[in-house]
Amino acid sequence: MKLIIAAIKPFKLEEVREALTEIGVQGLMVSEIKGYGRQAGHTEIYRGAEYVVNFVPKVKLEMVVAADIADQVVETLAATAKTGSIGDGKVFVLDVESALRVRTGETGEEAI
Amino acid sequence: MSKLTKLTGAATALMLASPALAQDADSQIPEEIGFILNTFMFLVMGFLVMWMAAGFSMLEAGLVRSKNVTMQLTKNIALFAIAAVMYYLVGYNLMYPGDAWTVAGVLGAFSTTALEPVGVAADAVDLTYASVGSDFFFQLMFAAATASIVSGALAERIKLWPFLIFVTILVAVIYPIQASWKWGGGFLAEAGFQDFAGSTVVHSVGGWAALAGAIILGARIGKYKNGRVVPMLGSNLPLATLGTFILWMGWFGFNGGSQLYMNTAGNVADISRIFANTNAAAAAGAVAALILTQLVYKKPDLTMMLNGALAGLVSITAEPLTPGLGSATLIGAVGGVIVVFAVPFLDKLKIDDVVGAIPVHLFAGIWGTMAVAFTNEAASFATQAFGIVVVGGFVFAVSAALWMVLKVSMGIRVSAEAEINGLDSTELGMEAYPDFTNG
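Heads up: the protein sequence lines correspond to chains V and F, in order. In terms of the numbering used here, the first sequence is numbered consecutively and its last residue is 112. In terms of the numbering used here, the second sequence is numbered consecutively and its last residue is 439.
If we strip away everything but chain V, and leave its shape as in the complex, we get:
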């Protein structure tokens, strides 16, 4: 099992969700986050004074998937979240030791 964490542009969320559902991803955790990467924020002007927006709004997706579809999920994320301009986000893949469905007690891939 793999845990896939992706930070993407908020407006891409719906498109990404649909694409993930299509390839069989059955669960998704979503949170609104702020952060920065190499882009390191951007500047705005308020009442004539420039200021740096250090933390840019993003959406964080977390999903645990079977190891054999992990690559496909990453590819799908890369394809649908991409705009080609700065700030498209990142995808991380981690190993997952175990999983448990609380209601039934199922474990492992059965639980995801």
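Just so you know, these hints were derived from the structure itself, not from any lab. All C-beta atoms in this analysis are idealised placements derived from N, C-alpha and C, irrespective of residue type, glycine included. Treat the hints with care, since some could be wrong.
[Unchecked claim] Listed next, the stretches of chain F that the computed footprint assigns to chain V, with coverage defined by at least 3 CB atoms under 8 Å from CB atoms of chain V:
(1) 298-306
(2) 341-353
[Said to hold, decoys possible] Partner residues are not named here, just some residues of chain V that face chain F (Cβ under 8 Å, in silico):
(3) 46
(4) 48
(5) 49
[As the list claims (entries may be wrong)] Pairs of lysine to aspartate or glutamate residues, derived as EDC-like cross-links and limited to a Cα-Cα distance of at most 16 Å, are as follows:
(6) F:298 - V:62
(7) F:348 - V:50
(8) F:223 - F:419
(9) F:159 - F:417
(10) V:2 - V:71
(11) V:9 - V:32
(12) F:299 - V:50
(13) V:2 - V:75
(14) V:12 - V:32
(15) V:9 - V:62
(16) V:90 - V:71
(17) F:298 - V:44
(18) V:60 - V:88
(19) F:225 - V:50
(20) V:12 - V:88
(21) F:223 - V:50
(22) F:299 - V:75
(23) V:90 - V:62
Following the hints, position chain F against chain V.
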């Protein structure tokens, strides 16, 4: 046209000073009807101006950070209420002494306001003007507006009580004394100084008092860091926009009512002219700020447009009658331009004005007062400058002295910890938006 108003004894002198005060000789309207119309006009215009208190409240609530909103609202309702009390106790007769000057043309009368008796008979009142009650009600709102100007500039770091003490003295003494010089028929009126509805008498006065306070109080913590200006974003731009529109609406009463008479066709036509000009100047100020912020900063700045509209209004207030729509538009547009450059200019000087009150009310007020000479042949640039300097010098000096006394005696600034945590939780224990985290 000046507010050389009310008292019966001075009627002859007043007619000489301002021909429109006299009933037109060929008018077909009975005097009592004129009295009724004048009075009715004051009551309607007065409650429009009263509503400007709501405008100031919303504008300021929107432009401060969410952690200081309750405090800003508290200050706004407190200052309006205090203004009402003090104007009754001291302000009105100090401003309009009639024949009862303490020092002729300089210092008015010290007495409380007395209204007409209940159900007064027509032959017991001066039918050439309006009821004392309506005049008092109308004039009171101007005093309150002056005080409102100060609160926005000093927001987010001043203590409540010293601020209210300042406002009390501003409305009871400082504002009425300088206003008597012009509108009470004092020495500035004698000198030929023109200020129809108060670019100088109201708006610059608030601006000077705010400027003195902002300098003595100092900037908010973190506003100017390592030679850079750190913007502190307003918490609620919908409220700020609503506040601006409320002020814009109230201004029709502010300028329109300053015609003082609605008892002839000429006066009604003049009031209509004033409404149209006032609106034109506000619109031009907003458009000027829209275009300029786009050109200078590459994006339009809503808060500058709000200030721009208000600056247009302040600019036309000294003379909303004599300009045509074209001139009124130009006068207002210049006000909008002033704001776009004055806001960063004050930041350069490290004078922290949270809502832009000083650019809007002081700088545009000075411009509007000078601009009278373009369209009103009764005005001269020299006399207008004289009035600006006299009023500005007096108000700035007295305000600065008062702020210093308050600073030394009781302190005017909250602790650094209170300022950073926000005045709502530390000073009041009541947040405007308790469901949200502080920003």
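These are the hints, each one checked on the structure:
no.: 1; hint: 298-306; result: holds (count 5)
no.: 2; hint: 341-353; result: holds (count 3)
no.: 3; hint: 46; result: holds, 4 Å
no.: 4; hint: 48; result: holds, 4 Å
no.: 5; hint: 49; result: holds, 4 Å
no.: 6; hint: F:298 - V:62; result: violated, 38 Å
no.: 7; hint: F:348 - V:50; result: holds, 13 Å
no.: 8; hint: F:223 - F:419; result: holds, 12 Å
no.: 9; hint: F:159 - F:417; result: holds, 13 Å
no.: 10; hint: V:2 - V:71; result: holds, 10 Å
no.: 11; hint: V:9 - V:32; result: holds, 10 Å
no.: 12; hint: F:299 - V:50; result: holds, 12 Å
no.: 13; hint: V:2 - V:75; result: holds, 14 Å
no.: 14; hint: V:12 - V:32; result: holds, 13 Å
no.: 15; hint: V:9 - V:62; result: holds, 14 Å
no.: 16; hint: V:90 - V:71; result: holds, 15 Å
no.: 17; hint: F:298 - V:44; result: holds, 10 Å
no.: 18; hint: V:60 - V:88; result: holds, 12 Å
no.: 19; hint: F:225 - V:50; result: holds, 13 Å
no.: 20; hint: V:12 - V:88; result: holds, 9 Å
no.: 21; hint: F:223 - V:50; result: holds, 12 Å
no.: 22; hint: F:299 - V:75; result: violated, 37 Å
no.: 23; hint: V:90 - V:62; result: holds, 12 Å
When held up to the earlier numbered hints, the structure conflicts with 6, 22 and fits the remainder.
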